Amino acid sequence: MIKNEELLTGIKDAFPIVLGYLPLGFAFGVLANQVGMTVFQAGLMSLMCFTGAGQYIAIGVMQAGGAIFTIIMANLLVNLRYLLFATSMVPHLKNVPPSLATLLSYGLTDETYAVAMTRYQNHEATASYMAGLNITSHIGWISSSLAGAILGTFISNTDKIGLNFALPAMYICLLVFVVGKRSDALVAGISATLCLLFGFIFPSTMANMSNIIIATMIAATLGVVIDERY
Amino acid sequence: MSDTSILLMIFGVSVVSLLPRMLPVAILSRWEFPQLLQKWLSFVAPAVLGGLAALSILAPKGFIHFSPSNLYLWACIPTFIVAIKTRSLFYTLLVGIITMALLYNFAGI
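Taken in order, these protein sequences are the chains called G and P. Sequential numbering of the first sequence, starting at 1, is according to my numbering. Sequential numbering of the second sequence, starting at 1001, is according to my numbering.
The shape of chain G in the complex, shown without the other chains (with noise of 0.2 Å):
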């Protein structure tokens, strides 16, 4: 059953992504292409496994060298993070059935993540919506790379167009839709400070962004304690 409205709100909504992802895209395809992947290769990875961080990082071992494990338990650890994601995005999708949930999980970003709890505040999520959300994030991230990849050797610069903000920004708007009682914006304060001292401390936890996590868990669980005292 697909509602068309919910899909074509999925769809819109995904707009601000895609263009946060063009720059990362793009320069996924640019570097994919100088390690030696091919357009196909290049594409094929951002279709199966839609991983800004881990997809960079894969980059990254391979022009150092670097065995396929090391990338995969490299990724392994970027992608930890969506446990947490995924679990808390669950209690919203009662009315979304199972197996339809599960396969449209896989294109759970960061990103998608974000606008998706922004909007199941005050709306029931429904499978048309999370496809809509999704999949055009994914063909966001897809076209980006190839285009990167095709194009590469042409384009340098999209720093000066201010593409880099896109995320940021979108970050930033986002945290203040999500922060609805005085609790939220301590957590996310808490978690902010939390993240940048461990990054600061252990600059290795920044690479494989376990820094959020642990930041994530801490300030979650203070949250409890706050929101039960207040």
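Rather than coming from a laboratory, the hints here were simulated on the basis of the structure.
As a list, the in silico BS3-like pairs of lysine-lysine whose alpha-carbon atoms are at most 30 Å apart:
(1) P:Lys1039 - G:Lys181
(2) P:Lys1061 - P:Lys1085
(3) P:Lys1085 - P:Lys1039
(4) P:Lys1085 - G:Lys181
(5) G:Lys94 - G:Lys12
(6) G:Lys160 - P:Lys1061
(7) G:Lys160 - P:Lys1085
(8) G:Lys94 - P:Lys1039
(9) G:Lys12 - P:Lys1085
Here are the in silico distance ranges between beta carbons for each label pair:
(10) G:Pro98 - P:Phe1011: 22 to 30 Å
(11) P:Ile1098 - G:Lys94: 34 to 42 Å
(12) G:Ile214 - P:Phe1066: 19 to 27 Å
(13) G:Gly60 - P:Gln1035: 37 to 45 Å
(14) G:Leu151 - P:Glu1032: 46 to 54 Å
(15) G:Leu197 - P:Leu1007: 34 to 42 Å
(16) G:Gly65 - P:Leu1007: 15 to 23 Å
(17) P:Phe1090 - G:Gly66: 35 to 43 Å
(18) G:Thr221 - P:Arg1030: 19 to 27 Å
(19) P:Trp1031 - G:Thr221: 14 to 22 Å
(20) G:Phe200 - P:Glu1032: 34 to 42 Å
This structure is a prediction, so every number in the text was calculated from the model and none was measured. Backbone N, C-alpha and C define an ideal beta-carbon position, used for all residues, glycine too.
Following the hints, put chain P in place on chain G, whose structure we already have.
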């Protein structure tokens, strides 16, 4: 890397990047979460976004860059204001991107 190795690598990365996203949804869909856990999970989104926003601004290149020469730090000020005032993702992105483009081309830092 040979073509076979690259394909093998892509397949391996695909498995480890998709499983953490799909498994919880597949396994936990029919489970009724206890109240306390639901509350805890409700704080995950603000915490994740707080972390992502902070890192994307203060560590845009993967290492912490806390100084006035970090353009992201300056660009986030009008972006935050527009986000709070308009509550519109479109205008927030527009202002953020334009501010960044202006800073990059004219700030000369």
